[in-house]
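Those protein sequences? They're chains U and X, same order as listed. Residue numbers for the first sequence, in my numbering: 1 to 235. Residue numbers for the second sequence, in my numbering: 236 to 470.
Hints listed in this document are in silico derivations from the structure and should not be mistaken for laboratory results. As the structure is a prediction and not an experimental result, all values here were calculated from the model. Possibly wrong hints are sitting among the right ones.
Unchecked claim - Just the calculated beta-carbon pair ranges, DEER-fashion:
hint : chain 1 : residue 1 : chain 2 : residue 2 : range
1    : X       : R418      : U       : R183      : 25 to 31 Å
2    : X       : D433      : U       : A174      : 41 to 47 Å
3    : U       : H114      : X       : E271      : 47 to 53 Å
4    : U       : N180      : X       : E435      : 46 to 52 Å
5    : U       : N125      : X       : S417      : 50 to 56 Å
6    : X       : E435      : U       : P162      : 57 to 63 Å
7    : X       : I385      : U       : G71       : 17 to 23 Å
What the hints assert, rightly or not - Okay, derived cross-link-like pairs now, DSS-like style, lysine-lysine, Cα gap no bigger than 27 Å in a straight line:
hint : chain 1 : residue 1 : chain 2 : residue 2
8    : X       : K373      : U       : K138
9    : U       : K144      : U       : K213
10   : X       : K299      : X       : K373
11   : U       : K140      : X       : K375
12   : U       : K138      : U       : K195
13   : X       : K379      : U       : K140
14   : U       : K40       : U       : K184
15   : U       : K213      : X       : K375
16   : X       : K452      : U       : K138
17   : U       : K84       : X       : K432
18   : X       : K448      : U       : K140
19   : X       : K379      : U       : K144
20   : U       : K64       : X       : K319
21   : U       : K184      : X       : K379
22   : U       : K140      : X       : K452
23   : U       : K184      : X       : K419
24   : U       : K144      : X       : K375
25   : X       : K430      : U       : K138
26   : U       : K204      : U       : K217
27   : X       : K419      : U       : K144
28   : X       : K373      : U       : K140
29   : X       : K432      : U       : K217
30   : X       : K379      : X       : K430
31   : X       : K432      : U       : K138
32   : U       : K217      : X       : K379
33   : U       : K178      : U       : K203
34   : X       : K448      : X       : K432
35   : X       : K373      : U       : K144
36   : X       : K452      : U       : K144
37   : X       : K375      : U       : K217
Just so you know, even glycine gets a beta-carbon here, dropped at the ideal spot from N, CA and C.
2 protein chains.
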Amino acid sequence: MIRYSGQTRVLVAVDCIIFGFDGDHLKILLIQRGFEPEIKKWSLMGGFIQPEESLDQAANRILKQLTGLEGVYLEQMQAFGDPKRDPLERTIGIVYFALIDIHQYEKQISHEYHAEWFLLDLAPNLIFDHAEMVAMAKQKLRYKAALHPILFELLPEKFTVPQLQNLYEGIYGASFDKRNFSRKLLSTGLLIRQKEKDKENSKKGAFYYILDKERYKNNFQAFFNFVPNPENLIL
Amino acid sequence: MIRYSGQTRVLVAVDCIIFGFDGDHLKILLIQRGFEPEIKKWSLMGGFIQPEESLDQAANRILKQLTGLEGVYLEQMQAFGDPKRDPLERTIGIVYFALIDIHQYEKQISHEYHAEWFLLDLAPNLIFDHAEMVAMAKQKLRYKAALHPILFELLPEKFTVPQLQNLYEGIYGASFDKRNFSRKLLSTGLLIRQKEKDKENSKKGAFYYILDKERYKNNFQAFFNFVPNPENLIL
DNA sequence: ACAAAAGTGTTAGCTGTACACCCATGA
DNA sequence: TCATGGGTGTACAGCTAACACTTTTGT
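Take these sequences, add in the hints, and give me the full structure.
Structure below.
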């Protein structure tokens, strides 16, 4: 087979930043690396790209290996290519970030990787440049969530407005007026109120809502303004 | 040297989408590919990553090779990794997009690559998946320019408000009210009016402005709303 | 009865947008 | 003097944000 001559070939790894929300805090799922170098240190879940798979396929495969989940929100973020980022051998790292329902994950967890959820702001030291990747993903999530309705991906199918508000408040480290929040949210027309209430978090109970998937798809690219005074936030 | 065993190494190419604005239309700079496969076909400017350079360095090198320019706006966009995207050998393509002042380029052009500017919507057929890359870059540019003041990068140091409005109108294929446009723009405080006027495009002449670089840096991450009715645009 | 969280309505200020006229100049 | 493009002000509508009270129910 003819190939390009005189060029260096390198490893390409796909790393996944997996976000989850436990009801109070935003978390990321980390694993203990199973091979040298840096064995046993905390790391993002990743893997080398295989000969016959695309980048998206690799990311989905890696996510499934760890969480058992398929069809979740997964987006390519950025490629990292410092020549020294992996001390053993040059590796280009292509980072994806995923938003999953943390409770779904708990049902299907694979224990093979010694994975653990960490509070986003209290994560342990990570190998290589993974901390930089996580920092960028956090920025990106804030940025994107301010404009597009992606945070639903972190919640179960049925969720309440106060839960969603908690999530936004957690992500932006700010508190929003609940009347304005609820009005803005419901005015998108993306939510369908259910008959049942969530009685776990209050005596009165809060109505469950589900996403109107059709409208969600159609409205995804529209600009929203889910965060009051976005110019005051550090993105 | 110890290496990761049993893994496939692949080529990594960096491809640059170079945008320019001729005063009326948004254009991209394409080259005629100089080697097989697909020799002589139109292509983005690209090159394989070298052993000791980072991705950003590679992109800057490639941009400089073609245009002679340094220090221009350059942003990593997306990695493309379909296993069959290059028929000769598997190659991961990492795409950057650059915004340059087309007139600067003309001063420093390298003729080595048979480069030509094409109207964005009338570009020729491109090799591999380059057309997909360009389509994505166009979307991304529209998206980003609606929120951040990046289009200055396409203009000379001194520019007029009508020029800038032309640029926005070209990019969004829409026409904006000049009173509202000018007010919105000047209210950002990013522009400093000069004493001279551009007399080339009108008898009365239009004041030149320059960017307040300090404020530009500080305000870059703030949200703007440069495009009226953004929800009507297809991004 | 009381504590705790859910749910809802009004107003004032601001921002976005529509719209029309005068100005400066070269031909 | 006229045609061309540059520059500006105002008014209305819609949105954002600030703000407080009632409802429900478990204990």
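Okay, the hints, checked on the actual structure:
1. R418/X to R183/U: 25 to 31 Å: holds (29 Å)
2. D433/X to A174/U: 41 to 47 Å: holds (44 Å)
3. H114/U to E271/X: 47 to 53 Å: Given range 47 to 53 Å: holds, Cβ gap about 48 Å.
4. N180/U to E435/X: 46 to 52 Å: Holds, at about 50 Å.
5. N125/U to S417/X: 50 to 56 Å: This hint holds: roughly 51 Å between Cβ atoms.
6. E435/X to P162/U: 57 to 63 Å: Check passed, 60 Å falls within 57 to 63 Å.
7. I385/X to G71/U: 17 to 23 Å: Since the Cβ atoms of I385/X and G71/U sit about 34 Å apart, the hinted range of 17 to 23 Å is violated.
8. K373/X to K138/U: Between K373/X and K138/U the Cα gap is close to 25 Å, so the pair holds against 27 Å.
9. K144/U to K213/U: holds (19 Å)
10. K299/X to K373/X: holds (22 Å)
11. K140/U to K375/X: holds (15 Å)
12. K138/U to K195/U: Answer violated: K138/U to K195/U is near 35 Å, above 27 Å.
13. K379/X to K140/U: With Cα atoms ~13 Å apart, K379/X and K140/U stay inside 27 Å; holds.
14. K40/U to K184/U: violated (46 Å)
15. K213/U to K375/X: holds (25 Å)
16. K452/X to K138/U: holds (21 Å)
17. K84/U to K432/X: violated (50 Å)
18. K448/X to K140/U: With a Cα-Cα distance of about 24 Å, the restraint between K448/X and K140/U holds, given a limit of 27 Å.
19. K379/X to K144/U: Distance ~12 Å between K379/X and K144/U Cα, so the pair holds.
20. K64/U to K319/X: Given pair K64/U, K319/X holds - Cα atoms ~24 Å apart, limit 27 Å.
21. K184/U to K379/X: Holds, because 24 Å separates the two Cα atoms, which is no more than 27 Å.
22. K140/U to K452/X: holds (19 Å)
23. K184/U to K419/X: With Cα atoms ~25 Å apart, K184/U and K419/X stay inside 27 Å; holds.
24. K144/U to K375/X: Measuring from Cα to Cα gives roughly 13 Å; hence the hint holds.
25. K430/X to K138/U: Given pair K430/X, K138/U is violated - Cα atoms ~44 Å apart, limit 27 Å.
26. K204/U to K217/U: violated (33 Å)
27. K419/X to K144/U: holds (24 Å)
28. K373/X to K140/U: holds (20 Å)
29. K432/X to K217/U: violated (48 Å)
30. K379/X to K430/X: violated (31 Å)
31. K432/X to K138/U: violated (45 Å)
32. K217/U to K379/X: holds (21 Å)
33. K178/U to K203/U: This hinted pair holds, its Cα atoms lying about 18 Å apart.
34. K448/X to K432/X: holds (21 Å)
35. K373/X to K144/U: Since the Cα atoms of K373/X and K144/U sit roughly 19 Å apart, the hinted pair holds (cutoff 27 Å).
36. K452/X to K144/U: OK: K452/X and K144/U at ~21 Å, within 27 Å.
37. K375/X to K217/U: Between K375/X and K217/U the Cα gap is close to 19 Å, so the pair holds against 27 Å.
Going through the hint list in order, the structure does not satisfy hints 7, 12, 14, 17, 25, 26, 29, 30 and 31.
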